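Please take these sequences and the hints and turn them into a complete structure.
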Amino acid sequence: MINLTINDKAVEVVEGTTVLEAAQQLKIDIPTLCHDPRLKPFGACRLCIVEIGGMAKPVTSCTTPAASGMVVKTNSQKLYRLRRTTVELLLSDHPNDCMTCIGTGDCRLQELAYFYGIRKNRFEGAMRDHNRVDANPFITREQNKCVMCGLCVRVCEEVQGVGAIGYAERGFEAKVIPPFGQDLNCEFCGQCVSVCPTGALSARLWSGKPRMEGVKFTDTTCGYCGCGCNLTLRSHGNQVIRVDSAADNHNRGWLCVKGRFGFDFIGSADRLKTPLIRKEKGGKFESATWDEALDYVAKRMNEIKGKHGPDALAGLCSARCTNEENYLFQKLFRAVIGTNNIDHCARY
Amino acid sequence: MASEIIINVCMGTGGIAAGGDLVMGAFIKELDAAGIGNAVVKEKCRLHKVGCRGFCARDVLVDITVDSHVSTYQYIQPDMVQRLVREHIVGARPVQEWLVGEDYHIFHDNQTKRILADLGRIDPESIDEYLAVDGYKAAEKALTTMKPEEVVRTVKDSGLRGRGGGGFPTGLKWSFCAAVNADQRYIICNADEGDPGAFMDRSVVEGNPHAVIEGMIIGAFAIGASVGYVYIRAEYPLAVDRLRLALRHAEARGFLGENLFGTDFNLKIKVKLGAGAFVCGEETALIASIEGERGMPRAKPPFPANKGLWDKPTIINNVETFANIPQIINKGPEWYASVGSEKSKGTKVIALTGKIRNTGLIEIPMGMPLKDIIYKIGGGIEGDRLFKAVQTGGPSGGCIPQQHIDLPVDYEGLASVGSMMGSGGMVVLDETDCMVNISKFFLEFTQAESCGKCVPCRIGTKRLLEILTRITEGKGREGDIELLQMLAEDVRDSSLCGLGMSAPNPIISTIRYFRHEYEAHIKHKKCPAKVCNKLLTFFIRADMCVGCGMCARACSVNAISGEKKQPHRIDNSLCIQCGSCFDACKFSAVLKE
Chain S
1 MINLTINDKA VEVVEGTTVL EAAQQLKIDI PTLCHDPRLK PFGACRLCIV EIGGMAKPVT
61 SCTTPAASGM VVKTNSQKLY RLRRTTVELL LSDHPNDCMT CIGTGDCRLQ ELAYFYGIRK
121 NRFEGAMRDH NRVDANPFIT REQNKCVMCG LCVRVCEEVQ GVGAIGYAER GFEAKVIPPF
181 GQDLNCEFCG QCVSVCPTGA LSARLWSGKP RMEGVKFTDT TCGYCGCGCN LTLRSHGNQV
241 IRVDSAADNH NRGWLCVKGR FGFDFIGSAD RLKTPLIRKE KGGKFESATW DEALDYVAKR
301 MNEIKGKHGP DALAGLCSAR CTNEENYLFQ KLFRAVIGTN NIDHCARY
Chain B
1 MASEIIINVC MGTGGIAAGG DLVMGAFIKE LDAAGIGNAV VKEKCRLHKV GCRGFCARDV
61 LVDITVDSHV STYQYIQPDM VQRLVREHIV GARPVQEWLV GEDYHIFHDN QTKRILADLG
121 RIDPESIDEY LAVDGYKAAE KALTTMKPEE VVRTVKDSGL RGRGGGGFPT GLKWSFCAAV
181 NADQRYIICN ADEGDPGAFM DRSVVEGNPH AVIEGMIIGA FAIGASVGYV YIRAEYPLAV
241 DRLRLALRHA EARGFLGENL FGTDFNLKIK VKLGAGAFVC GEETALIASI EGERGMPRAK
301 PPFPANKGLW DKPTIINNVE TFANIPQIIN KGPEWYASVG SEKSKGTKVI ALTGKIRNTG
361 LIEIPMGMPL KDIIYKIGGG IEGDRLFKAV QTGGPSGGCI PQQHIDLPVD YEGLASVGSM
421 MGSGGMVVLD ETDCMVNISK FFLEFTQAES CGKCVPCRIG TKRLLEILTR ITEGKGREGD
481 IELLQMLAED VRDSSLCGLG MSAPNPIIST IRYFRHEYEA HIKHKKCPAK VCNKLLTFFI
541 RADMCVGCGM CARACSVNAI SGEKKQPHRI DNSLCIQCGS CFDACKFSAV LKE
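Chains as they are written, first to last, in our numbering: chain S, 1 to 348; chain B, 1 to 593.
Hints were generated in silico from the structure; no laboratory data involved.
Hints may contain errors.
As the list claims (entries may be wrong) - Once the Cα atoms are required to be at most 27 Å apart in a straight line, the calculated BS3-like pairs of lysine-lysine come out as:
id, chain 1, residue 1, chain 2, residue 2
1, B, 475, S, 120
2, B, 312, B, 147
3, S, 40, B, 312
4, S, 57, B, 307
To be verified - Facing chain B, according to a computed beta carbon distance under 8 Å, are these residues of chain S, among others:
id, residue
5, 85
6, 86
7, 92
8, 123
9, 125
10, 171
11, 174
12, 282
Keep in mind that this is a model prediction, so the values were computed, not measured.
Cβ atoms here follow ideal geometry from the backbone N, Cα and C, with glycine treated the same way.
Right, dumping it as structure tokens:
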């Protein structure tokens, strides 16, 4: 174990803990922008800088491993000044159109600007103008709002293992782009959107929908497959407007394209709401109750089994069911009906 | 005819640019024409290409040695070779008017040449010539008679510090790496010299590549690395070619490969070309670049000595650092430390440029006073103008003014006045240089070369440059100096890597020593050095103007008018102060105030 002091408070941490994590153990808040505990430390935003006794210059707490006897200061006039300058510099190259930005209320840069009370910026000058519309079907990229925290690049590489985006250019014009600046053409898992701290990356589906005002958050489980990823639905009135996932759940906040963006079926007019039964050959499907439908299925199964034997029946199940549901389904076929004709897309 | 004749032609990049290869060709042709054919050339008359000896301003430099008596010629062009051959080689009468003058000898005699000692003497493309000057003896001594710990201790005792800029004790760094438990270690030579105006590493690799390779072999042995890389700029084609050739020769002689010098030590050295990013000189960015990633620095710790290339312990040293190693092993740490100052031992190679008479590559003992470099080796300021400052350490260094002219040039001395050693660039500035403009020049470079990863460097240097630009354009505001100072300090203190940390140095040091120039630009809208065109008024002196019309043709906004052969005039309401007329006038009739 390692013992160190942060803001005059002693703390004991395990080897490999960063100074930032040690401070978090003490509930000491250090501002960050490029940090995500699920990804490797990056040290780009320079907001989590701290002063460590014996070190000539402030260092980033997210990248510095805690060491025995360290004496750390996370708040001083000097650190405040440096962090404030960093935020001011970011804002000097940012559209600052929070009124109409999709990220409002859910934006770390906005929060920092508020925290440091930056109304008038000392710095002014050129602003990046990427002025490029990405025609991909899922993700809206407003690159003028990019703070180059690198979270999107890292999640794509480290978590998704895809590497669909990377850095290009140098200096002020440095930017994050798909290869050769083409339109994004990936699996559209949207992990990048989920980690973007500003409005630079958002989903097309979110556009024009309520942001935070009047939005309700409901935790649920994704029905797309047996993984059972935890979701947080954002809804407004009767409408689901966004799907998130919290970083502290079992899927660590990561979702796939279906879970994250495939929610428009919920309010779809085409959606089946009751079972349908075709009562006579060539006839139309007619709406039925569950009792009617299940009685009908049970009756027909018994008839077929009685006339042709159990092997005349087969069951095909879905990966969208839970493990428990799939288990019960094969039990029904093997033990109740008496056939091994049971299968589904992920195989028994 | 004399019994032995040696002709050395300077064939460094500077020499070749001045026509060195043409001179070489002319010698082959003229020697043949004079009846000194191939057979004779081999036996009695040897023609050599040699690396840069430092005084590129005088290229093409040719040494003709007749029976051990050396005559050095300067500014030699191919059409001069015939006379050299006829008079000096055949006739034994040196061509007096083409010989170098006293200043050539003053330039060299005030230096202490260790790293550069063999540059200009041996053929960098011949391993035999390197072997003839005790080449690879140090590697053999280290590998066959010393333990790795002894090598590390010897380098520690010598006091050698990293020549790439940081000045970290080399032996100490090696000991850190050797202490890490690992199945694989790497040694990397950083030859990604990117400072504008710097050509130290380039000249060493071009002029004596085997010394660098030998230094790497010894370093690899000391830390236990079996694979080495030389990360070298692709913009140095001659250095790359000579390095690759030297590696092939060294491999062929068994100095690289397996079981070196009959021991069980193996070493393979690979060449990795840099693609032109200044930031790749930063060691973690360099490692990322070798790994095939974008050259972006990462936070330290972990230091490369613990976790470097492919996450294995890695030592990265600069070209000059490695070139020092063989001499330390051969001659001992005491010999090495006999030259230099208290905390900075040995010599330093410096690229001396700017407004100085003798520009070129020099090597000084650490601690040499600045004024000796400028007035003895450098021969003083060009045109007898007034010395203003010297910029050391490249774009990330600082400007040192007249009042510190006695400063000893070593790591501590330079740091004490707000500058740094850096890799060893030294640009001399005189009274015609505007310090605000100089800051702007260096910021333009560092700003464009920022990798863009961290905020203070990416946006901060841009804003610094913008403030400097508006000051030089007469749009400076009250409070701009304070804003510059404050932002410069913040960028210095919160950037991720050395590039951002040191990029504001030119601003901080010029405000410290030349604040009045900033004030003149901002308050009085004047550029005292008459450099910032936007603050100047251009006019034509009627008594000097011959009416040639060159200025009018050069003017892009048609602000100049006048009859042929009559004095011209500039309409200042149209003039955009581009300065083209000033440059175009051959009669010094265009003035700026």
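To see whether the hints hold, each was checked on the structure:
1. Taken as a hint, the residue 475 of chain B and residue 120 of chain S pair is honoured in the structure, with Cα atoms around 20 Å apart against an allowance of 27 Å.
2. With a C-alpha separation of about 22 Å, the suggested pair residue 312 of chain B and residue 147 of chain B falls inside the 27 Å cut-off, and the hint holds.
3. At roughly 18 Å between alpha-carbon atoms, residue 40 of chain S and residue 312 of chain B fall within 27 Å of each other, so this suggested pair holds.
4. Restraint check for residue 57 of chain S and residue 307 of chain B: the C-alpha separation of about 22 Å stays at or below 27 Å, so the hint holds.
5. Satisfaction of the interface hint for residue 85 of chain S is found here, the shortest Cβ-Cβ separation to chain B being roughly 4 Å, below the 8 Å cut-off.
6. The interface hint given for residue 86 of chain S holds, since its Cβ lies 5 Å from the closest Cβ of chain B, which is under the 8 Å cut-off.
7. Restraint check, residue 92 of chain S versus chain B: the minimum CB separation of about 7 Å is within 8 Å; hint holds.
8. At its closest, the beta carbon of residue 123 of chain S sits 5 Å from a beta carbon of chain B; the interface hint therefore holds under the 8 Å criterion.
9. Checking residue 125 of chain S against chain B: minimum C-beta separation of about 4 Å stays under 8 Å; hint holds.
10. At about 5 Å, the closest approach between the beta carbon of residue 171 of chain S and any beta carbon in chain B falls short of 8 Å, and the interface hint on this residue holds.
11. The closest approach between the C-beta of residue 174 of chain S and any C-beta of chain B is roughly 2 Å, which is under the 8 Å cut-off, so the hint is satisfied.
12. Hint on residue 282 of chain S is violated. Least Cβ distance to chain B is approximately 64 Å, over the 8 Å limit.
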